[in-house]
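Positions 331 to 419 (the working numbering) are the ones given, in order, by the sequence shown.
Calculated from the structure, these hints are not laboratory results. Check before you lean on any hint, since a few could be wrong.
As the list claims (entries may be wrong) - What follows is a set of in silico ranges between Cβ atoms, one per label pair, in the way DEER data are often shown:
hint : residue 1 : residue 2 : range
1    : V339      : S367      : 28 to 36 Å
2    : T344      : N365      : 39 to 47 Å
3    : N365      : T338      : 43 to 51 Å
4    : M348      : N384      : 13 to 21 Å
5    : A389      : F345      : 42 to 50 Å
6    : A386      : F345      : 20 to 28 Å
7    : V337      : A389      : 24 to 32 Å
8    : R381      : V339      : 48 to 56 Å
9    : W374      : V339      : 19 to 27 Å
10   : M348      : A377      : 21 to 29 Å
11   : A389      : V339      : 51 to 59 Å
12   : Q340      : S367      : 49 to 57 Å
13   : A377      : I333      : 21 to 29 Å
14   : W374      : M348      : 36 to 44 Å
The C-beta atom is built at its ideal place from N, Cα and C for all residues, glycine as well.
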Amino acid sequence: MRIQTMVTVQAGTTFRTMDGFGFSEAFGHANDLFNSSYVRSRTWMVAYLYRCYNGAAAAAITFNVPASRFTTTQVQAFVSTQGQTSRRW
Numbered sequence: 331m332r333i334q335t336m337v338t339v340q341a342g343t344t345f346r347t348m349d350g351f352g353f354s355e356a357f358g359h360a361n362d363l364f365n366s367s368y369v370r371s372r373t374w375m376v377a378y379l380y381r382c383y384n385g386a387a388a389a390a391i392t393f394n395v396p397a398s399r400f401t402t403t404q405v406q407a408f409v410s411t412q413g414q415t416s417r418r419w
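When you get a sec, could you build the whole thing from the sequences and use the hints?
Right, here's the structure in full:
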């Protein structure tokens, strides 16, 4: 079976605007990075996630929302505002 698809882009037409993009992490893998003793890796990763010109340009990231009352991991979000990264709890 062969399916042909054609997409037409009209540069002058706007249907919806986006304020930013975010990421959601699961299973605690990002927590391993942020709790790492390797400060350079941690700093580089956070900077890469939020850089607009040569990074992922994320607006927010949240990770490891507890699934039960036995989970002690805190919910964390990193929010970037014009290049300034802050950590919210």
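CB-CB spacing for S367 and Q340 relative to the 49 to 57 Å hint: 51 Å, holds
Consistency of beta-carbon spacing, M348 to W374, with hint 36 to 44 Å: 26 Å, violated
Cβ separation of A377 and I333, checked against the hinted range 21 to 29 Å: Given range 21 to 29 Å: violated, Cβ gap about 41 Å.
Outcome of range test on Cβ distance (M348, A377; 21 to 29 Å): 22 Å, holds
Range hint 20 to 28 Å (beta carbons of A386 and F345) holds or violated: Holds, at about 24 Å.
Outcome of range test on Cβ distance (V339, S367; 28 to 36 Å): Hint violated: Cβ distance 47 Å, outside 28 to 36 Å.
Whether the CB-CB distance between V337 and A389 falls inside 24 to 32 Å: Holds - the Cβ-Cβ distance for V337 and A389, about 26 Å, lies within 24 to 32 Å.
Assessment of proposed distance window 48 to 56 Å (beta carbons of R381, V339): 26 Å, violated
Pairwise beta carbon distance, M348 to N384, judged against the given window 13 to 21 Å: 20 Å, holds
Verdict for W374, V339 (Cβ pair) under range 19 to 27 Å: 35 Å, violated
Verdict for T344, N365 (Cβ pair) under range 39 to 47 Å: 42 Å, holds
Outcome of range test on Cβ distance (N365, T338; 43 to 51 Å): 47 Å, holds
In summary, the numbered hints that this structure violates are 1, 5, 8, 9, 11, 13 and 14.
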